[in-house]
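A.B. asks: As you go down the protein sequences, you meet chains A and B in turn.
Those letters in the first sequence? Residues 0 to 636, per numbering that gives the first Met the number 0, in order.
Those letters in the second sequence? Residues 0 to 138, per numbering that gives the first Met the number 0, in order.
One or more hints might be untrue.
[Unchecked claim] Examples of chain B residues toward chain A, derived with CB under 10 Å:
| id | residue |
| --- | --- |
| 1 | 13 |
| 2 | 41 |
| 3 | 59 |
| 4 | 111 |
| 5 | 113 |
| 6 | 114 |
[What the hints assert, rightly or not] Derived lysine-lysine pairs resembling DSSO-like cross-links, with alpha carbons at most 30 Å apart:
| id | chain 1 | residue 1 | chain 2 | residue 2 |
| --- | --- | --- | --- | --- |
| 7 | B | 26 | A | 253 |
| 8 | A | 143 | B | 77 |
| 9 | A | 221 | A | 268 |
In case anyone wonders, no lab produced these hints; they're calculated from the structure.
Backbone N, C-alpha and C fix where the C-beta goes; we use that ideal spot for every residue, glycine too.
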Amino acid sequence: MRVLLVDDDSALAQLLTSQLSDHRYIVDCVTDGETGWAYATTFEYDLVVLDWMLPQLNGVRLCQRLRAQGYGMPILLLTVKNGSVDKIEGLEAGADDYVVKPFDMGELLARMRVLLRRSHLENEPILSWGELRLDPISCEVHYKGQLITLTAKEYSLLELFLRDPHQVFSATALLSKLWSADEFPSEATVRSHLRRLRQKLHQAGAATDLIETVHGLGYRLKSRQLASAPEIARASEREARYLEGLTQAWHAHKGESVARWETLLQISKTLQEKGEKGLSEQQQMQAVQIAHSLAGTLGTFGLMEGYRLSLQAEQLLLQAGTRPGSGFSAIQAAQLDTVITTLGHALDDVPKLVCPVDKGPKPPTVLMVDVNGMSYIQQLMAMAVGQGVEATISASVEAAADTLSLNTPVQTSPELLPPPPDMLLINLVAGETNAVLDEPILQKLLHFIQAIARRWPQLPVMVITPQADFGNRLDLVRRGGALVLEYPIAPSDVLSMINQTLQGITRLSKIMIVDDDAHYLKQVVQLLHPWNFEITPLTNPQRFWTLFNQILPDLVVLDVEMPYINGFELAQVLRSHARWQHLPIVFLSVHSDRTKKEQAFALGADDYITKPVQGKAFATRLMNRLNRAANDIRRPA
Amino acid sequence: MSPTNTKRILIVDDEESIQKVVSLSLKMEANWESVLASSGAEGIQQAEIHQPDAILLDVMMPVMDGIDTFSALENNPKTRAIPVIFLTAKTQASEKRLFQETGVAGVITKPFEPLALAATISQLLHWSLKDQKAGGRLV
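Let the hints inform the model, and build the full structure from the sequences given.
C.D. replies: Shown next as C-alpha cells:
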C-alpha cells in the first residue's frame, strides 16, 4: 500500500514514516501543501495522510482542492485542533477521517486500515495463491502453514503480485509502485529483492519460480498448471487430489465432448460439401450452442487449447450468421473445418489445473482479408492457428468491415465494440496463375486499407501483393500499409513476418515525460492511457538523470521551460552521451515560435509538438518516433 | 439455510461433468456441500427444498436458460432471497455487463480457477471464507 504523508513537522514525519514503513506501507513524505498537491495528482496512492497546518496550502484547502478535482482516494487529517467545529470543517472539506494529535500509533494504523478496507483495497481478508497465504491485517505470510519472515519491500512485492495474480509487472512498473519518489533504486535493485523473496519462498517449500520471469516483459506469479507427471508429484496434496478427481471425471465424460466435436465436424463437412445452403438457421444456432458448451466444458477441465478453438469455432459460426441473406462462403467453411479438425487433436490433451482466462494472456489475433479464396491464404491461416495465433479470414471487404465494426461511428464507446485484431493481413493477389487483381476490386481493397489506417493508426497492416515496385509500395504505405510483401512468397515466410510483428507489439514502449506542471503532466498521462505505453512522469528536472538511468526509456518527452534545468539543457545532456545520440527526443511546449523550434531541432530533437495536444495525434507522433527508432536498430549497419 | 460452519451451494448445469467438477472444487477448497440440478426447472425445485446459501447457474441450458431460471427464482417468494451467480463460458465484457444488469450477485466465467472457486464466490457475496472455515458467521 502506498501512502502520501504531508506534514511539515520533520520529527513527527520521520517517526510516522518509520512506523508506517514497519507496517509495510510505502511512504512518500512531503512538507508543504503545494508539493502534496503535485504528488497526489502525479502519483497513485492508496491513502493520503494530511496535517492540517501546512505551509503554502493548508491541509483542509488541499483536501478541498483534491476533492474538487474528483480525487477519490481516502484522506485522513492529522491535527491538534480538537473542537467539534474543526472536525466538521475537516470532514466537510472531504476528509474521510480525523485523528487528533497527540495520537496513539495503534489507533492511527487501525483507522488507516479501516479507510483502506472501505475503499475496497483490502476487501479480501486473506490473499492466497496455492499454498501461499498473505494476511494484509497481520502482515503475515505463510506457505503451507509455515511463517515466512519478509522485509517490508519483499512483503510489498508479494502483496502486489497476489493482488493481481495474472498481471505481468515490468521492473519499471514495480519501481513506480513500490519505491517512493525519494528512493533511487535501479532495475537491478528490483531483481535483487525478487531474488531474495524467491529464496525465502523456496526455503519454505515453494517452487523456485513461484514468481516467474516473463522474458522481455517482467514478472508474475506462475500459473498453477500441472503439465506433466513430475509436476503432479510435486503439487500439493489437495491439488493432486483435485486433479485426480478431475481426471476421473474427464475419463467418465470425455465421450460426451467427443460426441459434440463429431457433431461439429459433421456440420463442417456438410458445409463444405453443400456450400451456402448446407445449414438451416436452426442448425447453425445449434452448432453455435454446441461449440459454446464445448468451450465451457473443455475450459473447466483445463484443456485450454480445446477451449480456445471451441470459442473460435463459435465465433466463426456466429459471424457467418450475422450478414443478412448470406450463409457460409467456401472460405468460411474451410476456415471452420481447419479450426474443428485442430480441435479434435486438442481433445486428447490431459486435464490440468488452470488459471482464469479473463485476466490471462490472450492469444494474438490476426484478421486476413482474402477476396479470392486462395488456398495459399487458407494454408497460411492453418499454419498460424497451429502456432497459437487466432487467425480468421474475411472473404470480402464488407465482411471484414463488419467484423471490425468499421462502419460504426468513431465516437461509439470502445467497450461496446469488439476489440480490433492485433494485426491485419490484406491479400492483393488474385490467384496462383493470374496474380493481378481486377482494378475495381483492387481499388476497393486499397480504400479499405486507408479506412483502417484512419480508424486504427496503430494497427499493423501487412499487404501481400504481386505489384511491389517503388510506385506501388509508395501508394500502399501512403494508404497505411505498414509492411508490404512481394508475391510469390512462401506462407512460412509470411508467418514468420507475422510472428515478428506480433512480438514487436507485445512489448510495451517506455516513455519518460518531464514537465514541471504536475497537473498538466497527469492530464497527459491520462490522455495517453489508451495507447498502453509504459509512462514515467517526472516533475522535477533535477531528478531527471537518476530516474532516466533507472528507467532507460525508449523515448523522452520534454517540456521546454522548467525551473533549474530547462528541456533544451536536458536534451543536450542526453546528446552529449555516446549511448543516447539516437534516443528519440520529443519536445512538448506552449511555445510555438519558429526560433524555439529551430533551436530544438538544432539540439537533435526528433519532434516538436505545441501544447495543447490531442490524444490520438500525440500518440501517433510518439509511435512514429518509436517505430523509426526500432527500424533504425533493425537496419543493418 | 445450512449450518454456519459450512455452505450449501446449488449447482444448476445441464452438463453432469461440469456439476461434478464444480462440486469437487467447492469440496476440496472449502468443504462446502453441493446440491445438483440438471435443468432450470429442477433448479427451482431444489432451491425451494434445500434453501441453499447460493446458486451457481449455468447461462446456456436447453428449454429454460439461466436468465429465465433466474427470473423465475426472483419471482418466487421461497427463493428470491438466495443469491445467484451466473456461470458462463461467454467472456465478452458487454455480455458480462448484460448479465450483471439482470441483478445477479455475480458472474463467474468458465474456465474458473478450480481451487479458488469458493474464494471467488465468497468475494462476490461478501462472505469471509476464513470465518466460515473457523466456524464463524457471515460478515
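A.B. asks: All the hints need checking, so say for each whether the structure fits it.
C.D. replies: For each hint, the structure was consulted:
The closest approach between the C-beta of residue 13 of chain B and any C-beta of chain A is roughly 8 Å, which is under the 10 Å cut-off, so the hint is satisfied. Against a cut-off of 10 Å between C-beta atoms, the interface hint on residue 41 of chain B is violated, since the closest Cβ of chain A lies about 18 Å away. Hint status for residue 59 of chain B: holds, given a least beta-carbon distance of 6 Å to chain A, under 10 Å. Because the smallest distance between the Cβ of residue 111 of chain B and any Cβ of chain A comes to about 6 Å, under 10 Å, the interface hint for this residue holds.
This hint holds: residue 113 of chain B has a C-beta 6 Å from the nearest C-beta of chain A, less than the 10 Å allowed. With a cut of 10 Å, the hint placing residue 114 of chain B at the interface with chain A holds, because the nearest CB-to-CB distance is about 6 Å. Of the supplied pair hints, the one linking residue 26 of chain B and residue 253 of chain A holds, its CA atoms being roughly 22 Å apart against a limit of 30 Å. At roughly 42 Å between alpha-carbon atoms, residue 143 of chain A and residue 77 of chain B are farther apart than 30 Å, so this suggested pair is violated.
Distance restraint check for residue 221 of chain A and residue 268 of chain A: the Cα-Cα separation of roughly 40 Å exceeds the 30 Å cut-off, and the hinted pair is therefore not satisfied.
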